[in-house]
Amino acid sequence: MRWVSARTTVFFSGIIGWTGLLQAQTGSVNNAAIQQHLQQLDQAVANAQLSADNAWMLVCAALVLMMTIPGLALFYGGLVRKKNVLSTMMHSFAMVGIVSVVWAFVGYSLCFGSGTSFIGGLHHLFLRGVGAAPNPAYAATIPQSTFMIYQLMFAIITPALISGAFAERMKFSAMALFSLLWSLFVYAPMAHMVWGKGGLLNASLGGAIPTLDFAGGTVVHVTSGVSALVCALYLGKRLHYPKEPMPPHSVVLSFVGAGMLWVGWFGFNAGSALSAGTLATSAFVATHLGAAAAAIGWSLAEWMRNGKPSALGAISGAVAGLVAITPAAGFVGPMSALAIGFLAGLFCYFMVVKVKQRFGYDDSLDAFGVHGAGGTLGAILTGIFASRVINPIFKDAHGNALPVGWLDGNWMQVPHQLVGIAIAWVVSIVGTLVLLKIVDLLVGLRVAGSEEAEGLDLTQHGEEGYDWEIAAS
Amino acid sequence: MQKIEAIIQPSKLDAVKEALIEAGVEGMTILEARGHGRQKGHTEFYRGREYSVDVLPKIKLELVIADAMVERAVQAILKTAGTGRIGDGKIFISRIDNAIRIRNDERGEAAL
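If you're matching them up, the sequences are chains V and E in order. Going by our numbering, the first sequence opens with residue 3, and the numbers climb by one from there. Going by our numbering, the second sequence opens with residue -5, and the numbers climb by one from there.
One should not assume that every hint holds.
[Claimed, not checked] Only some residues are given here: those of chain E computed to face chain V with a beta carbon under 8 Å:
#1 Glu38
#2 Phe39
#3 Tyr40
#4 Arg41
#5 Gly42
#6 Arg43
#7 Tyr45
[Stated by the list, open to error] Some chain V residues near chain E, calculated using beta-carbon distances under 8 Å:
#8 Pro249
#9 Val354
#10 Asn412
#11 Val436
Calculated directly from the structure, the hints in this document are not laboratory data. In this text, a Cβ means the ideal position worked out from N, Cα and C, and glycines have one as well.
Whole structure, please, built from the sequences with the hints as guidance.
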């Protein structure tokens, strides 16, 4: 064990040496002293574990933030037209600022404080009681503050994902207000129900309808994806869509962003193990294999349909796989992960290329096609492939592991997943519709036609993304 | 004095430039342009939607040269810019009223 300190080794050697010496002298008189040393040893080992888990979790929190800035900012930014690149990146960046503050004030409490089955309470308002001491309900070996900051990064990226649906036409003020309200009224209830203590759908803390969601398939991807669809339909299509082609201004930026998303996703999924142990490894492996298989799946489908596998298709496939493996990461083995990924690659390709065309909605950056659809598929497949060998989350009264997913012997899990998914869909649709209406009445959602034509970078932010004028010097 | 405007394929620029310099042309302006004639564009795919790219990258050369040199320059371009396929480009010739060297106010063909 690399992380046992020198001090611990010294203690141990000291005890052996001292014990030997004392046995020779006095026998059992120094039992109390030995007990005291053993206690100190226990404490040192616990501290070592805490250090290892905390180090891992802090790194994971940083990785997940990197997924938003600059991962998602680049991925989305490259996909829009040049005149809207900054506005799109600001959609992600603004979330970091806004959601962080809201989280510190009330968001964390609403998600993870004890409350009802549907929403947390205000016990942790202004992060009261959230400090160095662990919260054993969630993670016994890391400070609650670490858990809080890690979860914050999830709360940040979720509304940022929605921006893919309303890119290139939503007012910045409306986006900011909508996202702030959405994180309180849609994200918080969903996060609480699935992950919060007492949550209706919480699989590990005795929820009435246990829904397996390791790292946020329903909480993050289904909610953001479905909300994205609602936004796309409510706001309407971009000017001249679909007649005028609107290809990405820089697939290169999207490529870089996708790479960061893949690497960052290890923090998202493996970090959801909330410790640096074997479950984190399992989730890490499943995440990577899911992404790889999905990239191949999408590329194959595209190759067969168009005759060429595009770079954008390959990275989109990878993201789709990462989305789908998110609820499953800590529940399934490597082979299941490959299967889930491959299916997600095919399914999301189909959603983005056929279904979107068929129904004609302008989900500009395919937030619904990848996150909504991929998350839904992943959540269902989790119910099928989850295995107690990987994660014995259900135990009987004697502590024996019970079947988890369908193939493991628990077919009931699939209906449970469907209930969780359905709740996510309903909460997202209703919540988003109401909030869009409110924000529309308060500030108006869409920019004017002339502003949309000129570009949001100039009209919303007074800036240009690239200053490549001829006569500058 | 005549102006030659030649729109050629970007990949032919180096060959055409060399040939013109060899032919005795001393100055030219090179612009990046986009356009098409009878050459159709190509199709690209984005998210399953097919769209055609009609506006193709081209290079435009502008030369102002003495009347006596015009045919030599045109021949140089014709020999090096062509591939035999549609999309090779075009040459336009127009008359120039005057040319002036900014450095010393030289005028006429002496300014070329």
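Task: Hinted contact Phe39/E with chain V - closest CB pair below 8 Å - done: holds (5 Å)
- [ ] For the hint on Val436/V, just tell me whether its beta-carbon gets within less than 8 Å of chain E.
- [x] violated (30 Å)
TODO: Classify the hint on Arg43/E as holds or violated, based on whether any CB of chain V lies nearer than 8 Å to its CB.
DONE: Holds - the Cβ of Arg43/E comes within 8 Å of chain V, reaching about 7 Å at its closest.
Task: Restraint outcome when Arg41/E is required to lie within 8 Å of chain V by C-beta distance - done: holds (6 Å)
Open item on the list: Tyr45/E was flagged as interface toward chain V. Is the shortest Cβ-Cβ separation under 8 Å?
Closed with: holds (4 Å)
TODO: Hold the hint about Pro249/V up to the distance rule: shortest CB distance to chain E must be less than 8 Å.
DONE: This interface hint holds because 5 Å falls under the 8 Å limit.
TODO: Classify the hint on Tyr40/E as holds or violated, based on whether any CB of chain V lies nearer than 8 Å to its CB.
DONE: Holds: closest Cβ of chain V sits about 5 Å from Tyr40/E, inside 8 Å.
Task: Glu38/E as an interface hint toward chain V, with CB separation required under 8 Å - done: Because about 7 Å separates Glu38/E from the closest Cβ in chain V, which is inside the 8 Å limit, the hint holds.
Task: Given hint Gly42/E near chain V, where the shortest CB pair must fall under 8 Å - done: With a minimum Cβ separation of about 3 Å from chain V (threshold 8 Å), the hint on Gly42/E holds.
Open item on the list: Please check whether Val354/V passes as an interface residue: C-beta within 8 Å of a C-beta belonging to chain E.
Closed with: With Cβ-Cβ at 6 Å, under 8 Å, it holds.
TODO: Classify the hint on Asn412/V as holds or violated, based on whether any CB of chain E lies nearer than 8 Å to its CB.
DONE: Asn412/V check fails; min Cβ-Cβ to chain E is 38 Å, beyond 8 Å.
Of the numbered hints stated above, those contradicted by the structure are hints 10 and 11, listed in ascending order.
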